Amino acid sequence: MLRLDCLRAVYPDLEKCLVVTIMGATAAELHSLGHRPNFFYLQHAMGLASSTGLGLALSLPDQKIVVFDGDGSLLMNLGSLSTMARYQPKNLFHVVFDNESLLSVGGFPTATSTGTDLEGIARAAGIPAVRTVRTLEDFKTAVKNALHTSQLTTIVAKVEPTGPAGYVTDLSLVENRFQFRRYIQSLKRQ
Amino acid sequence: MPVSVTSSKVIFDALKKCDVRLISALPETWLVHLIRMADDDPDMVLVRLAKEEEGVGVSAGAHFAGVKSAMLMQNHGFLASINGIVSFAYLYKIPLLMVISYRGSFGERDPWQTQGGNVTEALLRAMGIPYSVLDSIESVEKRIRQAQALAESSLQPVALLLTRDLMWEE
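Chains as they are written, first to last, in our numbering: chain A, 2 to 191; chain B, 9 to 178.
Hints are computed from structural coordinates only; laboratory data are not their basis.
Keep in mind it's a predicted model, so treat the numbers as computed, not measured.
Just so you know, nobody snuck in bad clues.
Far from chain A by the CB rule (all over 10 Å, computed), these chain B residues: (1) Val18; (2) Lys25; (3) Asp48; (4) Leu87; (5) Glu116; (6) Trp120; (7) Gly124; (8) Asn126; (9) Leu131; (10) Ala134; (11) Ile137; (12) Ser140; (13) Glu146; (14) Trp176; (15) Glu178.
Here are some, though not all, of the chain B residues that point toward chain A, as calculated from beta-carbon distances under 8 Å: (16) Leu30; (17) Leu57; (18) Lys59; (19) Val64; (20) Gly69; (21) Ala70; (22) Phe72; (23) Val75; (24) Gly92; (25) Ser95; (26) Phe96; (27) Leu99; (28) Tyr100; (29) Lys101.
For each residue, glycine too, the CB sits at the ideal point set by N, CA and C.
With the sequences and hints as input, model every part of the structure.
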């Protein structure tokens, strides 16, 4: 399963969500499908995408928040699973693309390549709905279910360790951040 | 426990007066009353963290959502947050109001706190983070208001150091 195919399959469903991605390949691939003002790409600060999603979810209980995390990033901030589980925001949907690799910094294998089970860790942390998916059909079904249920959900999507040739996009980091905030403020005025 | 309830209340009320509606925190002795006040207040969202760096992400999310926030932590928690401060708050121009208990300074009796005390102000200066040392209750409300205003206008981290003189009664 390719992460790009996963993102392409659910791209239409993201239109009404607030989306936070991790750095590198995940950000570049979502951006390549067509940037939207409701997408925020956290291009550094590994581990904090899920924390950002939590801050959004607790502050905007009526908005669906989707975080596209990765195994390398989540392993840097496993405590975030326990914090998310503690507050269980119903509007937070956490997707972890697990390619068992620190792909964006050279492809070094992460601990999930030697048996660390992120689904098990998420479940044991107290995330109420957790699932691992390995096929595109299962991914699509799991995402649709998660977007239509009111329960904090973590999906671990096992994907190939491949990505785009480059990671730099034409969207400046600060431009992305101001646009994202302005988009959210425009929702409040509606 | 001789942590000052009076000072904690002045700090908490000052944060509320600045319209802070979300507080992330990791418990430590000097912050015990502040955290309880945040927990007891129905108008405040308290996010108890596993590690302080998470608070940078939580505050960024709150900022995007238009909610003013503060981070409550010990100075060792500030040390644990440095990458998040640099590669999120500075990189993306995120305002952070960091309320930091200044352990390991004059009067410290716990040996394990002392090294963090040595480096706190030097690191704040090295990182270009404006900070103010709060050591008397009279100036607390104004300094918090000023720190919050500067964080919002500059879109960067600002720190307040809570000293032993302010937080400890004995």
